[in-house]
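Residues per chain, in single letters:
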Amino acid sequence: MTRDETRDVAQVVETVGEEPWLEVLTGRFGMPREVFADYLVFRRTASSLSIVRRGLRPPLAPEPASIGIPFFYLGMRHPRPTSAAAILFGPHARRNVLDLGDDRVPDFVFGREISLEGDDAGAVDGPGYVLGRYRGDVVGLGHCRREGERGLVLRGMVPKAWAAQIDGHGDGRSA
Amino acid sequence: MDLSPFERYRPLIDDWRAFSAALARPLPTTVWTNTLRTTPERLAARLARDGVAAEPVPWHPGAFRLPAGVKPGRSIAYVTGHYHVQEDVSLIPVALLAPRPGERLLDLCAAPGNKTVQAAVAMGDRGTVVANEKNRHRLGVLRRNLERLGVTCAAVTVADAANLPRGIGVYDRVLADVPCSCEGTSRKNPEVLRRLEKPRRGWRSGGQLAILRKAAQLVRPGGRIVYSTCTYAPEENEAVVDALLREAGPGTLRLVPARIEGLATAPGLTGWRGRRYDPQLARAMRVWPHHNDSGGFFVAVIEKAAA
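These protein sequence lines are chains A and B, in that order.
Here numbering that gives the first Met the number 0 is used: the first residue of the first sequence is 0, the next is one more, and so on.
Here numbering that gives the first Met the number 0 is used: the first residue of the second sequence is 0, the next is one more, and so on.
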């Protein structure tokens, strides 16, 4: 009989409560709470959280250098999901998702300002985080703020290192 | 192109002219669908809409070959993890490892993580994937691939695969995709030919056997190991597996046929330069570049006898 040298991931990581990440994801984006039932959220650093699928049984030794993937940044006035988390859970969002056409997706990806008018402004519940969607798929997180007469202005927060990989036009036509 | 480093394999190759011609061509680019995020049909439609004539890889569902000149690593769909770019022969080990959702899988030499993410996606991101990598400097690319494809069922460890402690646990499937002389990668890394010109090529058989031996320790009874390299050298392929079988003794480990429908392959060797190998080695798989317009590869599928 082989001895079980593993342990439940919950014994390995420092799990955290539901605030504030759940409020952002269920409140701002309207994601159903059940979406997260299969996952364990835990502290990665003092200012960030990671997420791992329940059921993972990491080894006793060597100590894992990392488990799961980065999930949330806490060290800011308005905590927010990582881009990886935004893309992973974005399909479950029911509000504050903005559709970007070919013309606007490069601006979103490269962090240039996008003025929201008409229906776009109506798709957003005022200032706060917004998910950018292109061709039906979430491509990242952005932040929307109100700026005087311009009204709502959105700026994509796609990591620079990710954006740098994308061809200049940013609409994905290279593949 | 100077193919003299490969002259020693001429007796093994059915069509030397075709082999030489294949090595002179650029390697086709292959992508595979991240089914955690999309479907092969949606990816194919997306590629078609962008004017990319993607051709399905007949032996691997969800994988597509792209025309020359396409840069698949520079699109939004790539950056957001809808597909992964991976040489098609490199898809073989995980295809033969055949992991299932909920299982425990250990990737002994994981970076850059191509096969790790391929396995995790095949498992539906459910179960346990332990991605071990000896070189701490290569963890960044491994983690980026896990993040980009949305793999949340993985833990990363840093250790010499050959010396992993028992605390690493026992696994249903173990992948030993070991460091090798990389002869089969000359189409994408022509500099490998210059390295091979040196009088002492430096086969890495000792280290490979140590890693494979560890794989045999860590796989559960009834579990499966895939041993793979991207080289033609029997010294790093059949000889390593043969040494393990001899050490393990009869009835402990067995090779199962490594075959994939639609992929043209040759059997493993049962002898080389006067040395005889276990006849089971004929169940291993050799992939020569001219058979599928690919790189060169070797794979052996080993199962541990049930307790």
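For the record, the hints were derived by calculation from the structure and aren't laboratory data.
A couple of the hints might just be wrong.
Computed Cβ-Cβ distance ranges for the label pairs, DEER-style [stated by the list, open to error]:
id, chain 1, residue 1, chain 2, residue 2, range
1, A, R42, B, R99, 28 to 36 angstroms
2, B, K70, A, E116, 29 to 37 angstroms
3, A, T14, B, R258, 39 to 47 angstroms
4, A, P31, B, E246, 25 to 33 angstroms
5, B, G261, A, R145, 41 to 49 angstroms
6, B, N188, A, P19, 43 to 51 angstroms
7, B, N134, A, K159, 54 to 62 angstroms
8, A, P31, B, T251, 31 to 39 angstroms
9, B, A44, A, E112, 30 to 38 angstroms
10, B, P164, A, H91, 38 to 46 angstroms
On a predicted model such as this, the values are computed, not experimentally measured, just so you know.
Virtual Cβ for every residue (Gly too), placed ideally from N, Cα, C.
For each hint, the structure was consulted:
At about 32 angstroms, the CB distance of R42/A to R99/B agrees with the hint of 28 to 36 angstroms. At about 35 angstroms, the beta-carbon gap between K70/B and E116/A stays in the expected band of 29 to 37 angstroms. Hint check: T14/A to R258/B, Cβ distance near 45 angstroms, so the stated range 39 to 47 angstroms holds. For P31/A paired with E246/B, a C-beta distance near 53 angstroms fails the hint of 25 to 33 angstroms.
Between G261/B and R145/A the C-beta distance comes to about 57 angstroms, which lies outside the given range of 41 to 49 angstroms. Checked against the given bound of 43 to 51 angstroms, the beta carbons of N188/B and P19/A, roughly 47 angstroms apart, stay inside it. Between N134/B and K159/A the beta carbons are some 26 angstroms apart, a value that contradicts the proposed interval 54 to 62 angstroms. Hint check: P31/A to T251/B, Cβ distance near 50 angstroms, so the stated range 31 to 39 angstroms is violated.
A C-beta distance of roughly 32 angstroms is found between A44/B and E112/A, which places it inside the suggested range of 30 to 38 angstroms. In this structure the hint that P164/B and H91/A lie 38 to 46 angstroms apart at CB holds, the actual value being about 40 angstroms.
In the structure shown, a violation is registered for the earlier hints numbered 4, 5, 7 and 8, in ascending order.
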